[in-house]
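Peer 1: Those protein sequence lines, which keep their order, are chains A and B.
Last residue of the first sequence: 609 in numbering that gives the first Met the number 0, with the numbers rising by one and none dropped.
Last residue of the second sequence: 609 in numbering that gives the first Met the number 0, with the numbers rising by one and none dropped.
Calculated from the structure, these hints are not laboratory results.
Each hint should be verified, as a subset may be incorrect.
Put simply, identical chains are the same to the list, so a pair is met inside one copy or across any two.
[Stated by the list, open to error] Taking lysine-lysine pairs in the DSSO-like style, the calculated list, with each CA pair at most 30 Å apart, reads:
| hint | residue 1 | residue 2 |
| --- | --- | --- |
| 1 | 553 | 48 |
| 2 | 519 | 499 |
| 3 | 339 | 222 |
| 4 | 339 | 179 |
There are 2 protein chains.
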Amino acid sequence: MSYRYAYNTRDIKFILKEWLPVDEVLAFDRYKNYYSKEDLDPIVDQVRKVAEEVIAPTAEDGETIGVRFEDGKVYIPPSFHKAHRFLQDQGWGASNFDIAGEGCLPFTVFGLLWEIMSGANAALMPYVGNAGAVASVIHHYASDELKKKFLPNLLNGTWGGTMCLTEPSAGSDVGDMLSKAYPTDQPGLYKIKGQKIFITVGDRDDVENIIHLFLARIDGAAKGTKGLSLFIMPKYWINEDGTVVDNDVQSAGIEHKMGLKGQATVQLVVGENDGCRAYLIGNPPDENGVGQGIMQMFNMMNEARLDTGRLATAVASNAYWNAKDYGKERVQGRLLTNPKSGRVTINKHEDVKRMYLLNKATTEACRALLAKCYYYEDVREFAPDKERRKWAQSKLDVLTPLCKAYPSDEAWGLIAESLQSYGGYGYCEDYPAANAARDCKIWSIWEGTNFIQAMDLIGRKWTQGKGVPFGMTLKEIEDFIGANKGSLEGMDKEIGHLEKALAAYRGIQMMAAGYAQSGKIGLMAVFARRILTATAQLYCGYLLLDQAVIAKKKMAELGEGHYDYNFYLGKVISARYYLNNAVPNVWHVADLVKIGDTSVIEAPDEIFEY
Amino acid sequence: MSYRYAYNTRDIKFILKEWLPVDEVLAFDRYKNYYSKEDLDPIVDQVRKVAEEVIAPTAEDGETIGVRFEDGKVYIPPSFHKAHRFLQDQGWGASNFDIAGEGCLPFTVFGLLWEIMSGANAALMPYVGNAGAVASVIHHYASDELKKKFLPNLLNGTWGGTMCLTEPSAGSDVGDMLSKAYPTDQPGLYKIKGQKIFITVGDRDDVENIIHLFLARIDGAAKGTKGLSLFIMPKYWINEDGTVVDNDVQSAGIEHKMGLKGQATVQLVVGENDGCRAYLIGNPPDENGVGQGIMQMFNMMNEARLDTGRLATAVASNAYWNAKDYGKERVQGRLLTNPKSGRVTINKHEDVKRMYLLNKATTEACRALLAKCYYYEDVREFAPDKERRKWAQSKLDVLTPLCKAYPSDEAWGLIAESLQSYGGYGYCEDYPAANAARDCKIWSIWEGTNFIQAMDLIGRKWTQGKGVPFGMTLKEIEDFIGANKGSLEGMDKEIGHLEKALAAYRGIQMMAAGYAQSGKIGLMAVFARRILTATAQLYCGYLLLDQAVIAKKKMAELGEGHYDYNFYLGKVISARYYLNNAVPNVWHVADLVKIGDTSVIEAPDEIFEY
């Protein structure tokens, strides 16, 4: 039994009830008649229970049974069918993405609940959630007629949903895709031809139909991403009377992956028999051949980017909590500081504690970053004030690449340390760390590689809106420092590091701008990923200190004897560890950018033969 | 077909023929009648061919067939049998460890040949090599009678060999092991009882017998590691007439590992029927109950530590060369610096080149570090001058923990970047990166975890011999800087970084000493692994610059048109990348040590519940 669910929800409750301005969200018209702050703890507890009892038991099947491809059909583990159905029926599934629906949970809450569930079986969640993401695109951009046709069964889990972008010869360069769409006699209806690969949950045997959002170029449209359009392409065509017929969408195979073995990753061949029909979302390309597809797809993509960071955070967190549970039981060695006291459990050793604290602080940093964005999603969508909605959107624009890349980059190293803490057993599949490591590696790649995120950050988000939104984010950190410097007892050093990092970060921006202006644009690419990491560390350092301000107050209030004291102490220690060990990397990266090594740029291809 | 061998041997030839003082080694009595410098290229080429044609084709079987445990027997893939036999018969196997034998290859050469073979199937090599390592211990410490009995069949591959240390309740704390040995009427002969786990190639179906080096405590000996003795424990007992009988050494199971699936990792139950006999190596415990076992085992262990670093280097190198081969074929995207030139192969993109150069420079750094140690092994063993042998031993003492830990720590990140460079295909087992990632993770754990290596470095090697040997290693770097500062054209900046790193490193030592003296010894543990990394980066920075000095001369000599010019250019670019991107981490670590965060030390266990 390699899988074991060990999630702790205390940090999530803290975020919801003590840190984020959830009161503001719950007061929105959308939510005010449905939820109050008192409901949040029971909801979290309920989902934690569902995750443990319904979702976690399916994880092992994902590994042992896996996904099977036979005669053009994709079969997923039977326990996945049941878990998907259960989640839908109990209201924890795609219906929460129903923007027009009643009684939905706030994004702020649901985002964190989804993390709790993702930690229980990351491979399962796209079967449940992707239909909701498809529904969200349809809600925002499709005609009422199409909404009526597709939304109900997507939101209730009768149909699955996917996002079809990547092709055999076009991945990161989405604008080079070859899939084509041809108009028919009926306006809005097109014939589709093309191939797609790496389609997550692209086929499955547990739903009646699958609704693909399919990106293709309408015949004659412009080249590149701007010529693309987005289509609703059902696996089975739905006739007016509700009967269905085959729509010439064939599964051609599945990928054999390093991890996430329960998650179908499907190759699709579309319209090979000239029989695939699909509905255009929005308008056909304009007189310049410019379609609306890529903009629409980004609606879904940005959500998928947050989800990627969340998956990485969830899997790394669960690996960490498993590791510390093991460390409490496993007796080995003596204390370096007190060898005569006899053998101890390994969780007492300094280097093991270091591995745990690295994990605890970094996963809390990632969770804080993501949670902030779930909150901005609520404000962007439902705040009554238009300016505030715009403000939230600009925050999301800045933070989304960090949310996608930082947790998915860190997870690889974090899980390696959880694994390391077991000793040799960590390498055995009987314990969950190896599985977590195998699962997590795709998240630095899909939904736009982490390099694409980094270039999005420094190439677009730094300068978007003349740099005002990004500047406001740095200003937020500056204001925090101003408000707390000298007044946060025992944490002067940590606030000092945040201040030093902020100054160093502004230096990075100056130097990068210098590189861009002096024709050394290639250097921006060389440093992009390191700069993204530094950006996230700066911002997360601020978030963890912001949480520590609250935690310090609570510690003083509760006193050492209180059962909850150690949670708040842990928040303060997380902040200290992160500010003293992770945040200094910001000025280290500044140092590297300043050195400005050009070896990568100058290296001719030929040297890599050796 | 997930496995693909893509090794390039040019750097290895450079090390042997242009960098290391191989002339000195070939002039030793041991070698002078057998090998000359002109033989080295053909030998390397021959082994590269064997690796590709004989070893690499078995790698896939390791993954697909794997190791099977049935009715107390361990079965390994049939192709492993053949490859093992072939390597032995052709002289590439255990016989090279025959210290008394004639015509053996120098360690300096064989160490690098073993890397070439390890890159072709890392799971196979312990089946071939561990018998040689066992033979080496027997050669150094056992009686002539035992040598005569065991060496021939170990060295010719008729028998396998293992090292039995770890027990279910004693891993890193080897002194706590429970295995016992009881004297018999015959001096030197003992009865053994105990359990061992994680025994690499601990059982197999392709050899006639397996000779275990078994660590146990003779009844009544002292507690802790000092009471341990080492035994030769055959799987089948060999009668005087050469017939064999069962020796009560039972295989109880195998581990299901994340990678290295072709490598048997075996649980052994020994003497359960009171029928296991073994020969003591050396003398019984003295009057204080102190045995010779741990010292003897370290002979093998130190060799195993070099081998661990070599395996990590080999697998990371092969993953990198595969990645760059893929990158030459795969067309995607446009150049950031010249988008209008159309689609390019991905090996042209800055961030992909960065991933390749990170891999190239770091694997070359690891290879240089290891090769230096293979050379010291030759000098230690065969130099005519005793002082020089001692000198080489002291170098090995200092560098062994770096050799074990640095490559095995780096491999995880390096392979992740090779994998990342493929995009989504990197996550698919059809390409070799995922396999390499799964294989490499054990190497940071076995043969003494990398934390144990780090404490060996800063707790023992820094101060061993009153700090003279370690100080000499730093002096070597200082002398190099003195000799080359201002005279290595175009690399002033890089030499400046080495100088800055050396000063920072001495600062780390001062600060750590201060922590130790002021009762903050726990902080040494907290920073140990980071300090080990910094140590390796400092030393490897020196080695790569030392290589660049030669490469620069050759470039000037050969001129740009020469077919070999790009190899030397690559060496210079590796050095530049490493000195400008990796070596600055030394002063970053110094910065962290100076900050001296105590959060890990102060964290009570309870905070890790959250």
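Peer 1: Can you list which hints this structure breaks, lowest number first?
Peer 2: Structure breaks no hint.
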